[in-house]
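Just so you know, the sequence shown maps onto residues 1486 to 1943 in my numbering.
No more than 25 Å apart at the CA atoms, straight line, and that leaves these computed lysine to any residue pairs for SDA-like:
#1 K1801 to R1687
#2 K1628 to L1842
#3 K1715 to M1767
#4 K1571 to K1722
#5 K1715 to T1769
#6 K1774 to D1758
#7 K1722 to R1735
#8 K1715 to D1666
#9 K1673 to A1614
#10 K1801 to T1752
#11 K1580 to K1722
#12 K1673 to A1817
#13 K1580 to L1809
#14 K1804 to F1684
#15 K1722 to T1672
#16 K1571 to L1675
#17 K1801 to T1768
#18 K1571 to N1810
#19 K1580 to G1616
#20 K1858 to F1508
#21 K1628 to E1574
#22 K1722 to I1709
#23 K1858 to K1898
#24 K1804 to R1751
#25 K1774 to N1810
#26 K1897 to L1857
#27 K1804 to N1755
#28 K1673 to L1686
#29 K1774 to G1689
#30 K1628 to H1520
#31 K1753 to L1778
#32 K1571 to W1597
#33 K1621 to A1584
#34 K1797 to S1883
#35 K1804 to Y1676
#36 K1722 to S1733
#37 K1804 to E1688
#38 K1679 to N1810
Hints are computed from structural coordinates only; laboratory data are not their basis.
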Amino acid sequence: APEFSNVISGNTGNNVAKTNEYFSSAVNVATLEAHIKLLVKFQSFGNPAPRKSTVASENRGPAGMDLTQKCFNFQFLCLAELRYMKFLEYLGTVKPDPADVPTVPYDVALMWHSHCLNPLDLFGDFSRATGFDELKYEFPLMKLVNLEETSNSDIDNTHIFGAHLASNPTEPINSVMVPYDCPWCATKNLYESKTYMNFRLREGTLNCKDCGCAFNRDNASAKIFIDDLKDFVDNNKPLRGCLLEPVSRRPNHASAIQRLSNVFKRTKSNLIDSILSLDADMTTCSWSKLESLFEDICEDFGVVPTAEPLVKMIVKSYKNIVTLNSSLDLIAAVLRQHRFGSLMKTKQTKCYEPFVLENGIVRYKMFCDLFLKELTFLVPTLGLMGRIVSHSDSVGDSVLSDGMKVTVDLWKKHYNEIYSDGDQIANKDGEGSERCNGGGNNCVSSGGSGGSGGSGGG
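Produce the entire structure from the sequences given, and follow the hints as far as they go.
Put into structure tokens, the structure is as follows:
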């Protein structure tokens, strides 16, 4: 929301009272309890196997996850992602009033929730799908928590998801095939989940039954980018990853079109023609070829200052991402968050204590204030349960460890307090200290929320 964006951008001006009011409405005991309950509910879809799994290698996904598990297997995630993409199409086509948006099923909510945890990608993708320069559709946290499971099937609308995806796949049927449209001829093909899994997670290929193309993740995502670039050149539709203004981090279609035009419509025409013609041959439609041409664009006369950061965002938003309307791999995002959800499920009794929730709200506001003062990478602990904005959920363990050390030192410098909320909880109970030094169970680790100011911006 604009009011909360002001906190992160520092543009509070005379709206401090309004910003604080929005902060209080978004981050309070009720929303924290609801968020914890929702994370626990998401965990009911299943738990990943340990990293050193005895599962056969062909059925093993990221972090040793057993992809054959009931309710949280790869097929379930694929169908949930497809249904979420259909939901975005529905919002973009119908543009319903926010009050009239149907409550999404839990599998779609799982994808939406992970999308929210990469908020800059979320803002851009929703704006690109709907055409709005504002985020009109809020994640229905309270509705989902209050929804009875028996009523969940009532909101599976065929007019949104289509007949093939209308059923809520909380109990996936092994015979259901995974649909994927050929990037070259647009024919809808159905693939066995193991074949599609190899395509998404490894270097496997898919074969189109109509045009005969055999393509992998690299080819497919390169083709998707080239098609979108053609759409921009012909129709001025902004590319993924480019809708947010560099400073304000707010969607702006006019600004995005201008910045893209400065790069792709002022560059030497032979370079653009070379990019647009790559998809004519499967052997040349690849990111190695695209990135080589991007280097030439960045060196082209007169566009160097604008081109390089824009090209980096484009590569991040397209490379190896084979869905049509998302700037990140949502399946990978869900798997990262599943680890964090397991941690929250383990600690939910402690997290529900009123002292912990109320103290966490105060400390989260302090965390945001600290970020504005230092504008550096900070790492939240489990006590800072709120809507952490401008962060990335894919930050590596080493970056988190270094960021945690910085956060501990800055917290001590500005507030003269020990940062880890584990110390405060433990001391309240009269037990020993649980200080979080550069990681540990109290840190929101890789696979959970990333630090403020990560690759998501800030």
